Amino acid sequence: MAGAISITQRVLKALPFRFRSFRARILVFVLGLLVVLQAAGFLIVNSANTRNALRQISEALEVTASVFNRSISERNQRLLEKARLLSADYAFKQAFATHEHETVWSALDNHQHRIGANVMMLISLDQRVIADTLHPEINGAVFGFPGLIEQAMNSDHGEASAIEIIDGNPYQVVIVPLYSPGHSAWIVIGFSIGDSFAKSLQVTTKSEVSLLHRKKQKAWLLIASTLPMAERGGLSKTQIRRPDGTPRSVRLDMGGREYVSLVTPLSRGDEKSILAVLQRDLGEALRPHMRIRVVLIALFFGGLVFSIIGGFMIARTVTRPVLALAEGARSIEEGDYTYKVSVKQQDEIGMLADTFNEMAKGLGERDRVRNLLGKVVSPAIAEKLLSADIELGGEEREVTVLFSDVRKFTDLCENRSPTEILSLLNRYLTQITSVVENNGGVVDKYVGDAIMALYGAPLSNHDDAARAVTTALQMQTALEALNKEFQADGLPRLAIGVGINTAVVVAGNMGSMSRLNYTVIGDGVNLASRLEMLTKRYDVPVIVSGATKQAAVDIVYRDLDRVRVKGRVEPVDIFQPLAPAGVLDEVALQEVADYHQGLAEFRRQNWDAASVSFSLLLERSPVCQLYQLYSARIEQFKKNPPPPGWGGVVNYDEK
Amino acid sequence: MGGKANYWSFLMAALITCLAVLPVQAATLHVSVQDAKDQPLKDAVVYAVPKGGSQARRGRGTRVTVDQKNKEFIPYVMAVNVGTAVDFPNYEQIRHQVYSFSPAKTFEIPLYRGKPAKPVVFNKPGIVTLGCNIHDWMSAYLFISETPYFAVTGADGEVAIKGVPAGTYIVRVWHPTQANPPEDSGRKIVLKGKSSLSFSVKQKPVWRPWRAPSASPRGY
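For the record, the sequence lines run as chains A and B.
For the first sequence, our numbering gives the first residue as 1, with consecutive numbering after it.
For the second sequence, our numbering gives the first residue as 1, with consecutive numbering after it.
Worth double-checking, as some hints may not be accurate.
Stated by the list, open to error - No farther apart than 20 angstroms at their CA atoms in a straight line, the calculated lysine to any residue pairs in the SDA-like style are these:
| no. | chain 1 | residue 1 | chain 2 | residue 2 |
| --- | --- | --- | --- | --- |
| 1 | B | LYS204 | A | ILE149 |
| 2 | B | LYS204 | A | SER124 |
| 3 | B | LYS37 | A | ASN154 |
| 4 | B | LYS204 | A | LEU125 |
| 5 | B | LYS202 | A | ASN154 |
| 6 | B | LYS105 | A | ALA97 |
| 7 | B | LYS202 | A | ASP156 |
| 8 | B | LYS204 | A | ASN154 |
| 9 | B | LYS124 | B | PRO181 |
| 10 | A | LYS82 | A | ASP156 |
| 11 | B | LYS202 | A | SER155 |
| 12 | A | LYS82 | B | ILE134 |
| 13 | B | LYS204 | A | GLY147 |
| 14 | A | LYS82 | B | ASP136 |
| 15 | B | LYS124 | B | GLU108 |
| 16 | B | LYS105 | A | ALA91 |
| 17 | B | LYS202 | A | HIS157 |
| 18 | A | LYS375 | A | TYR446 |
| 19 | B | LYS202 | A | ILE149 |
| 20 | B | LYS37 | A | MET153 |
| 21 | B | LYS71 | A | TYR90 |
| 22 | B | LYS105 | A | TYR90 |
| 23 | B | LYS204 | A | ASP156 |
| 24 | A | LYS408 | A | ILE421 |
| 25 | B | LYS202 | A | LEU125 |
| 26 | B | LYS204 | A | MET153 |
| 27 | A | LYS82 | B | TRP207 |
| 28 | B | LYS202 | A | MET153 |
| 29 | A | LYS484 | A | ILE421 |
| 30 | B | LYS71 | A | ASP89 |
| 31 | A | LYS82 | B | HIS135 |
| 32 | A | LYS199 | A | GLY116 |
| 33 | B | LYS204 | A | HIS157 |
| 34 | B | LYS204 | A | GLN127 |
| 35 | B | LYS162 | B | SER198 |
| 36 | B | LYS124 | A | ALA97 |
| 37 | B | LYS204 | A | SER155 |
Stated by the list, open to error - Computed list of chain B residues with no C-beta within reach of chain A, every gap over 12 angstroms:
| no. | residue |
| --- | --- |
| 38 | ALA26 |
| 39 | ASP35 |
| 40 | LYS51 |
Worth flagging that the hints you see were computed from the coordinates, not collected in a lab.
Because the structure is a prediction, the values reported are computed rather than measured.
Here a beta-carbon is modelled for each residue, glycine too, at the ideal position from N, C-alpha and C.
Produce the complete structure using the sequences and hints provided.
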């Protein structure tokens with residue numbers, strides 16, 4: 001059955017149009033199957049019935065043929081008996097003895113009527129007509145049927161019978177000797193076998209009877225028939241071959257009606273012969289079968305209608321709930337978990353609907369949890385937490401950590417209500433968070449006004465460092481816009497510092513099994529925080545470590561310093577990202593180049609040269625705290641040169 | 001049969017008388033008749049016609065009998081001279097109606113028993129076919145001969161015609177089943193002393209009406 005269905009599906013797919021609806025497929029399959037089965041059944045029954053009917057007719061015709069032949073021979077026998085009786089009639093002999101033509105003819109005519117014959121002849125032994133009831137005038141003419149006499153001569157008792165055409169009409173004739181008292185003449189008696197004869201045979205044989213005659217291989221001529229006139233023509237036109245051996249029935253189409261026909265020869269002899277064609281109307285014989293056929297057709301259409309209705313209804317019990325389920329699925333896709341599929345069936349589909357509703361409920365709950373989680377933690381972390389079993393512990397991975405902090409937030413809080421501050425802070429955090437998330441960063445936590453964001457955990461990208469640096473630059477722009485809004489709202493402007501470091505840290509769930517955070521820990525994280533704090537000292541908005549600079553290319557940096565922060569032995573190069581490559585103009589780039597020139601002199605302890613450089617830079621940007629810082633350091637080192645192995649490193653011991 | 005022999009001796013006596021009168025030497029003619037299969041043919045009439053016509057020796061005054069026994073005529077074939085009177089006595093329990101439509105003699109003896117008072121006289125030469133009106137199968141032939149020289153073959157198919165004056169004759173044979181008329185098969189012969197002839201008769205099929213099975217245990 002599965003194979004049949006798959007074949008059906010394949011067929012359906014091959015069709016020029018496709019049945020997209022399940023209901024149509026079920027209907028087409030059920031109806032197709034029904035039509036094929038019914039049609040096959042109908043064809044088989046129909047052909048068997050027709051064959052059977054044909055065989056019955058054929059058998060009946062064969063029986064009829066033997067009945068027919070028997071009745072012909074019995075008739076012959078009766079004719080012979082009549083003829084014998086007549087030939088022994090003394091009065092007739094007396095009349096014959098007169099040899100007066102009129103007397104003989106008259107006696108012949110009288111006897112013909114006595115036995116109800118249609119023609120009677122008296123033939124002399126030398127085969128001349130003595131008298132012929134059909135032709136009173138004939139006397140002495142040569143008898144036209146020498147074969148008949150020959151046949152009689154060769155028989156045991158001088159008798160013969162045949163079917164002969166006399167004056168164009170068929171007669172069954174018998175010939176007997178006239179004993180007067182010796183054999184002195186032949187008596188020929190003929191009985192017409194025209195349509196009325198055929199009719200009488202039709203009564204006994206219950207078949208249409210036709211007699212055909214032909215002379216010397218000429219065309220067959222119809223001489224008697226029970227067929228309607230309109231249908232007789234077909235018989236003569238039909239080429240009927242004289243059957244050899246047992247006669248076999250054939251189907252003949254005659255004037256639109258089909259007859260099962262059996263041809264049987266009536267008289268022996270080669271020169272001329274008579275065929276009897278027995279026929280039965282096929283339509284007549286098939287009538288009972290036709291009734292069966294009508295019933296079959298009615299059953300077929302009845303079955304078809306029932307199948308359409310049944311198929312439709314069964315399909316509906318499947319498709320209606322399926323459509324309801326599809327509707328439910330769409331609602332869930334749109335986020336409406338409250339949709340409830342109502343299917344009141346107890347079957348598999350009912351079970352599916354129940355399961356679906358349970359699923360929707362479960363999905364709704366999970367979505368609520370996820371939403372909440374996504375708000376409490378970052379969506380990416382929420383996803384990470386939901387995607388796998390939660391366990392404590394982490395993995396080492398390279399992460400770029402970004403710290404941002406509002407400068408002098410404590411000062412801002414003074415003289416403001418906590419609500420106002422919270423509102424301000426939320427506006428700020430919302431803005432900044434969106435910048436972080438837009439760049440693929442994950443907000444790890446908010447600590448008051450500070451934000452810790454991760455790039456590379458829980459998901460890593462190949463350009464995590466660049467994303468972090470870009471975030472820092474865009475934060476400046478976003479803050480600029482936000483500050484304008486704050487100014488308009490009478491709120492204070494905010495300034496932020498951002499520290500970024502790229503390092504291998506441990507990322508994972510930390511805390512206890514009952515309460516945990518996804519976060520990162522490690523030295524690299526602390527450094528990022530320290531770098532953020534250094535922004536105040538250098539009066540720059542963003543400071544990144546050398547590791548971050550190395551990872552985030554295509555950005556123009558300003559080398560700020562080489563520092564040793566508290567808790568770290570190794571000095572760290574720190575840089576200020578200025579802008580993406582290709583954004584700064586010539587002048588700005590020149591100033592950066594000049595600055596780096598001065599910084600190089602400074603690190604080579606060429607104090608004079610460095611002093612000149614920075615003086616020039618200060619002339620260009622007098623308020624730049626960085627230039628002032630280096631100018632001050634140069635003046636100091638001029639007086640107190642740094643110890644040997646200085647390396648240009650500045651130590652920051654305070655936190 | 002005894003009566004018949006009497007007639008025959010009477011006839012022979014008459015012949016002898018004639019021969020004695022005429023100065024002609026008498027001859028004897030032996031004829032054997034066979035059918036087409038060379039089997040002896042019974043009941044064939046052999047007759048010799050003298051050249052230049054028959055010196056008609058009429059049978060006037062002669063009288064013969066055709067018996068009716070067991071619903072059959074006896075004999076089946078009899079030859080007589082023209083002018084012979086024939087009795088048809090019926091001594092059976094049933095009546096018979098003897099008749100003939102033959103051109104040589106048409107007569108009818110209505111249903112009778114015993115011996116009719118008058119015999120039937122046959123004055124014309126030819127074949128007379130005898131029948132019984134109420135028994136279809138009963139038939140017999142009378143050969144009415146012009147010439148006095150004739151005889152009917154027995155079971156051996158042989159005849160001997162004695163006392164025939166020497167001379168030239170045409171010998172002919174007639175049989176009820178003969179296909180062709182006797183005129184077609186005449187044989188010219190010069191008779192002197194003893195002469196012999198042999199005839200082969202071509203027969204035609206001749207049917208007799210069926211004898212009713214009840215009429216005789218023999219039946220045919």
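Now for the hints, and whether the structure bears them out:
1. B:LYS204 x A:ILE149: With a Cα-Cα distance of about 13 angstroms, the restraint between LYS204 of chain B and ILE149 of chain A holds, given a limit of 20 angstroms.
2. B:LYS204 x A:SER124: holds (15 angstroms)
3. B:LYS37 x A:ASN154: holds (18 angstroms)
4. B:LYS204 x A:LEU125: holds (11 angstroms)
5. B:LYS202 x A:ASN154: Between LYS202 of chain B and ASN154 of chain A the Cα gap is close to 15 angstroms, so the pair holds against 20 angstroms.
6. B:LYS105 x A:ALA97: holds (11 angstroms)
7. B:LYS202 x A:ASP156: holds (18 angstroms)
8. B:LYS204 x A:ASN154: Holds: LYS204 of chain B and ASN154 of chain A sit about 10 angstroms apart, inside 20 angstroms.
9. B:LYS124 x B:PRO181: holds (18 angstroms)
10. A:LYS82 x A:ASP156: holds (18 angstroms)
11. B:LYS202 x A:SER155: Measuring from Cα to Cα gives roughly 18 angstroms; hence the hint holds.
12. A:LYS82 x B:ILE134: holds (17 angstroms)
13. B:LYS204 x A:GLY147: Distance of about 17 angstroms is within 20 angstroms: holds.
14. A:LYS82 x B:ASP136: Roughly 15 angstroms between the alpha carbons, so the hint for LYS82 of chain A and ASP136 of chain B holds.
15. B:LYS124 x B:GLU108: holds (16 angstroms)
16. B:LYS105 x A:ALA91: With Cα atoms ~18 angstroms apart, LYS105 of chain B and ALA91 of chain A stay inside 20 angstroms; holds.
17. B:LYS202 x A:HIS157: Roughly 19 angstroms between the alpha carbons, so the hint for LYS202 of chain B and HIS157 of chain A holds.
18. A:LYS375 x A:TYR446: At roughly 12 angstroms apart (the allowed maximum being 20 angstroms), TYR446 of chain A and LYS375 of chain A satisfy the hint.
19. B:LYS202 x A:ILE149: Holds. LYS202 of chain B to ILE149 of chain A sits at ~19 angstroms (cutoff 20 angstroms).
20. B:LYS37 x A:MET153: holds (19 angstroms)
21. B:LYS71 x A:TYR90: holds (18 angstroms)
22. B:LYS105 x A:TYR90: holds (17 angstroms)
23. B:LYS204 x A:ASP156: OK: LYS204 of chain B and ASP156 of chain A at ~12 angstroms, within 20 angstroms.
24. A:LYS408 x A:ILE421: holds (13 angstroms)
25. B:LYS202 x A:LEU125: Given that 20 angstroms is the threshold and the Cα spacing comes to 17 angstroms, the pair holds.
26. B:LYS204 x A:MET153: Holds, at roughly 9 angstroms.
27. A:LYS82 x B:TRP207: holds (18 angstroms)
28. B:LYS202 x A:MET153: Holds: LYS202 of chain B and MET153 of chain A sit about 15 angstroms apart, inside 20 angstroms.
29. A:LYS484 x A:ILE421: With a Cα-Cα distance of about 17 angstroms, the restraint between LYS484 of chain A and ILE421 of chain A holds, given a limit of 20 angstroms.
30. B:LYS71 x A:ASP89: Given pair LYS71 of chain B, ASP89 of chain A holds - Cα atoms ~19 angstroms apart, limit 20 angstroms.
31. A:LYS82 x B:HIS135: Answer holds: LYS82 of chain A to HIS135 of chain B is near 18 angstroms, not above 20 angstroms.
32. A:LYS199 x A:GLY116: holds (18 angstroms)
33. B:LYS204 x A:HIS157: Holds. LYS204 of chain B to HIS157 of chain A sits at ~13 angstroms (cutoff 20 angstroms).
34. B:LYS204 x A:GLN127: holds (15 angstroms)
35. B:LYS162 x B:SER198: holds (16 angstroms)
36. B:LYS124 x A:ALA97: holds (17 angstroms)
37. B:LYS204 x A:SER155: holds (12 angstroms)
38. ALA26: holds (36 angstroms)
39. ASP35: Per Cβ check, ASP35 of chain B is outside 12 angstroms of chain A; nearest 17 angstroms; holds.
40. LYS51: holds (30 angstroms)
Checked against the numbered hints given earlier, the structure satisfies every one of them.
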